[in-house]
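Asker: Chain A is already provided as a structure; the job is to place chain B on it using the hints.
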Amino acid sequence: MKVDRRSFLGLGIGAVAGIAISPVGAKLTDDFSIWTQNWPWTPVPPDGEVSYDRTVCHLCPGTCGISVRKIDDRPVKIEGLDSYPVNNGGVCLHGIAGLQYLYDPSRVKSPLKKINNRFVPISWDEALTLVGDRLGELRNDQNPEALACITGSDQGSVPGLFNHFMAAFGSPNYLTMPDLESWLVRTAKTLHGDAYTLGFDIDHSDFILSFGAGLIDGWGSPVACIQAMGNRRQRQATLVQIEPRLSNTAAGASQWIPINPGTEADLAMGMCAVLLKENRFDPVFAQGFKGGFMRFTAMVQKEYPLDKVAGVTGISAADIQKTAVAFAKAKMPVALPGKGRGEGAQNLKEFAAVHTLNCLSGNVNKQGGTFVKPLPKYLNFPDPVQDAVALKGAAAAPLAGSVQELVTRIDKSGESPVKALLVYNANPCFALNDPFRILAAFEKIPFKVCVTSFMDETAMASDVILPVSTFLERMEDVPSKAGLAATVVGLSKPMVKPVFNTRSPGDVVIGMARALGGDMAKSFAWDSYDACLEQVTARIWGPLVRKGHVVLSENPPAGSVETDFEFLAENPVTVKPAGDLEFTLIPIDYFRVPPTVPAPSPFAIKTVSDRILRGTDMFVEINPQSAKNLKDGGFATLTTPAGSVPVRVHFNDGIMPGVIGMVKGLGHTLDNRYVSGKGVNINALISPKIEPNSGMDAAFGIKAGISKA
Amino acid sequence: MSEIENKTEHGSMDGATAGTAGDPKNDTGLGLGVIFFIVAFLICFLSGWLLFPKLLYSKHEQPFNFDHVLHVEETGDCESCHYLREDGTFSGIPKTESCLDCHTDEPMGDTKDEAIFAAEYVAKEQEVSWYVYARQPDCVFFSHAAHINAAGMDCKSCHGPIEETRTSRPYEENRLTGYSRDIWGKNIWGIKKNPWDRMKMNDCAVCHEKETGHKGYCFQCHK
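Protein chains in written order, with full-length UniProt numbering: chain A, 1 to 709; chain B, 1 to 223.
Just so you know, the hints here were simulated from the structure itself, not pulled from any lab data.
Where a beta carbon is used, it is the ideal one built from N, C-alpha and C, also for glycine.
Be aware that one or more of the hints could be misleading.
Unchecked claim - Stretch by stretch, here's where chain A covers chain B in the computed footprint (C-beta under 8 Å, at least three residues): (1) 33–41; (2) 44–50; (3) 73–81; (4) 86–100; (5) 142–152.
So here's chain A without its partners, still in its complex pose:
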């Protein structure tokens, strides 16, 4: 017998035939097709029981009620909560993307300590002991006022706890970021006295005179404003939008009046002059006009005659006259201050002048008008236990009235008067003008503690980071603010267990106080923040838990309100943009890019138009008339007195000639590859300019030059 070619042939054919009539072929074909339809590496969300839970979103000052759909214990979808008095079922793109913040790449996953410029994870005990020890040194040195604290807002119990902490510690240097609410409180204080804020009943008004307020671009409580704009036409209400650029709000308005940037205050004063001259103000409401009304009347007639205002604002005298008269004649007029989102660098003169129009119209504390509301007083903190050190420190004069002023103080001192800094829910190193100057001032502060959920620009500049749970992971009271007519307190509840080793910010403050020991610990005798919340909101706690929200006020506030004109009668200076270059660079508040905390979600960044951001390229808007040799889509260099950056040019007929617009809120450098390195932070191109009367940064823009790259 000989093994030859045929034997092998037999072997091969036998093997093939054997396999062919075995199940291998059929089975593998089937399995392969299943495999290709269910790639094993594609994540598949686990199945489970569907449930809905309600809470309140506090990503922005909007405070919308939201409904969270869960599969077992895992939140999978956010929707607007029907019948919530703020948003009535609506929700914005940031709200629906709120879940992304739970797993955001820039989340701080455990307490961190900076060693040799690198962050090292430490335990909560170690972190709180470290903070307690370092802050305790200030009190031991009888220098508690050297501690400063910056929070994003001063509304609600968590900022209240920080305030309580500062009082017990003994420092008057508690500052908040300039949000719309803070500007409204400041305006109400200037014209009506302490403890008031302003609300605008846009929903019922028949004539809305907006001085650049981006009603569908993120101003105020965005969803509420967008809904009010949605039903404006049905109500046949007029919207006159005054701003240098055809924003989305201007495009949907009854009339868009372009205005030279930064002259809104002059226009409002000019309109006041028209109303006073023609005696078109409400005599009944005017009975409450106190100090300086006569002087104010004389001053505006003299300083803001129509022709002069027309020259300054670039609006024809006839248009100013016509608009002012239409405003005065309307049944329920309301004038809105606050350019764009109404936060950041604004100016008190403009807010006060615009609100004076409301006062002259007399449509105050009436439906469809402006509500001068007492600040919500639903929180009752016990008095802090202050020892001798705290009493002495707390009585010291505050170092500054705003974060920018504080930075200037530090900048100008050889040794920083601030020895330790607490930052909560704020990102001044990104969100304020000239962040490099702020970073340099931070460098001079020996010890910085950042209480944050995200590794943002300010957290990166800190020495210790105490990570806090996001709004979906914690309990908190959420008072409505930012110009809403109604005052609603919502209860935000944990929708999911903390994803990382984080704590509620309230528990962090209590933990810091306990670490300091002594009288500090006595001021924070609560077992936990949840217990503290229940105690300080005792008045409304029952209905708050039962219903998820409490409406504190809905109707126009009762009683008359006095108006003081002293501030405006002095004719405060209008802050002008710095520099002498040809163009004026202004920030554009664009709804899809939140300019403060938190940074945009990956989802929000994906929705940004490619005429604003293409890849990592930043576009600026310019009117083709003033573009000279620039090309649409071409590269250019944008220069301001504060710096110079490469940009691309987008021709827009809807922006006034001589003005360059750039979207605010891009150009992050934080640790998040979906958001960082995209575009340019316009704040880095604008130097702050302090308004003398308010102590606030009022640099809404800056002079700029642009040339072909």
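Answerer: Leaving out everything else, chain B in the frame of chain A:
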């Protein structure tokens, strides 16, 4: 003459003399070929039947044994643990929390398996990572409510007499697709005696055609 030409010239002659085809005396090549064929055929055929399934599936033991007979005796029916929720979704395998309606972290009986459950899952508040024999691929949408409520079918029609099982058999996972062997069926040819022996798409279609007169459309199950 070149070597190649030489080989070619004699090639045919070599072939004629050395050839075995048609020569009954020298038929060993063919015979061997046939033997080789048969041997290879048998090896591959049997491997395909016997060895291939063993290679294709990996076996996993459940975290601990579950006695359905005992639980049905105690609770009365399937629905006590596997029920339709109010919204029509099916609860599937119960969570540890549901077990706590009866169980505590102290075992009720004296089986080793219950001791494991109490100590490892109840006491530690963990979910049991059961292997699910009947889980369909993720591209399949299936509504229990439509079959139980609308069509009035009982559990056994598709799942078989699970309530009669005292032990949890090993779960076999397809190494390629990651899915349970029960979908294709225990029989590697996919031959089945009972409806629950296999649950491929065609099994759905056959039943649908019989019960409703139509096999159904793609998007009814593949959404």
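Asker: The structure should be examined with respect to each hint, and the outcome stated for every one.
Answerer: Tested hints:
no.: 1; hint: 33–41; verdict: holds (count 9)
no.: 2; hint: 44–50; verdict: holds (count 6)
no.: 3; hint: 73–81; verdict: violated (count 0)
no.: 4; hint: 86–100; verdict: holds (count 5)
no.: 5; hint: 142–152; verdict: violated (count 0)
Violated hints, in rising order: 3, 5; the structure is consistent with all others.
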